[in-house]
Amino acid sequence: MNKLVNVKNKDGQLVVTSRQIAGDFQKRHSHVVEAIENKIKSLTTENSEVEISKLFIPTSFNHNGNEYKEYLLTRDGFTFIVMGFTGAKADAWKLKYIEAFNKMEKVLKTKQLSPMEQLKLQYEVIEEHEEKLSSIETKVNKLENSMTIDYAQQEELSSLARKIVVQALGGKNTPAYKELNKKAFSTLWRDFKRIMQVNSYKNTSVKQFYRAKDLINNWKPNRELELMIKGANSQMSF
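To convert, note that position 171 of the sequence shown is 171 in full-length UniProt numbering; the numbers rise steadily by one, no gaps.
If you are wondering where the hints come from, they were derived from the structure by calculation, not from laboratory data. If you're wondering where the values come from, they're calculated on a predicted model, not measured in any experiment. Keep in mind that the hints are not guaranteed to be accurate.
[Said to hold, decoys possible] With a straight-line cut-off of 25 Å between C-alpha atoms, the simulated SDA-like cross-links for lysine to any residue are: (1) K103 - F25; (2) K39 - V125; (3) K207 - S146; (4) K132 - L108.
[Claimed, not checked] Simulated restraints, written as ranges between beta carbons of each label pair: (5) A88 - V50: 26 to 36 Å; (6) I195 - L4: 51 to 61 Å; (7) A152 - M116: 51 to 61 Å; (8) S134 - N62: 32 to 42 Å; (9) Y210 - N38: 50 to 60 Å.
Every residue gets a Cβ at the ideal spot worked out from N, C-alpha and C, and that includes glycine.
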């Protein structure tokens, strides 16, 4: 999230590349190109007077000796394509791009300045940009930490806990399961809440979901419960 947005000046228009958008918003570049071309088709069908070059500029890039299609997107073109991207991280990236466009517009207006003055202003712009990026990243991290797992993830943890407890008790058809399953489940969830610092597994944060799965997978009965399980299962007849 500390990566800076690279806004370029193309014949007086501020642009970003489709590859950069794909990378930052975690999309496949081919999908971004497809979305752009669908948008071009839609716009030209509905409005023959639209100037596509003010939105999207076709170009290409070389990779391992091969030429691949790419687009440069103006500020308006960028807006058209990313308005459908959702989620906290996507919103954070949108803000970063908007801020980068705003800052570079200021830079373009300083062409009458000397090269040294322009360089100084650009450094000031970058410094201010980095400060705002840091603030955005902090807000995104807070949001991620406060978001709890959804119903499907809750069910996944619950199902995994049942599996681990049954294994610890020796199976569903054992005396230990009949006598101690409630105690075993209670112990597992008590350990879970203590380690994860939550009052219910349902309040596990999204960011901690995989840690929660690992915790349940690696859960073992404490010494007291282990002895009770062995004692109960020793009553089994063969």
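### Query
Looking at the structure, which of the earlier hints fail to hold?
2, 6, 9
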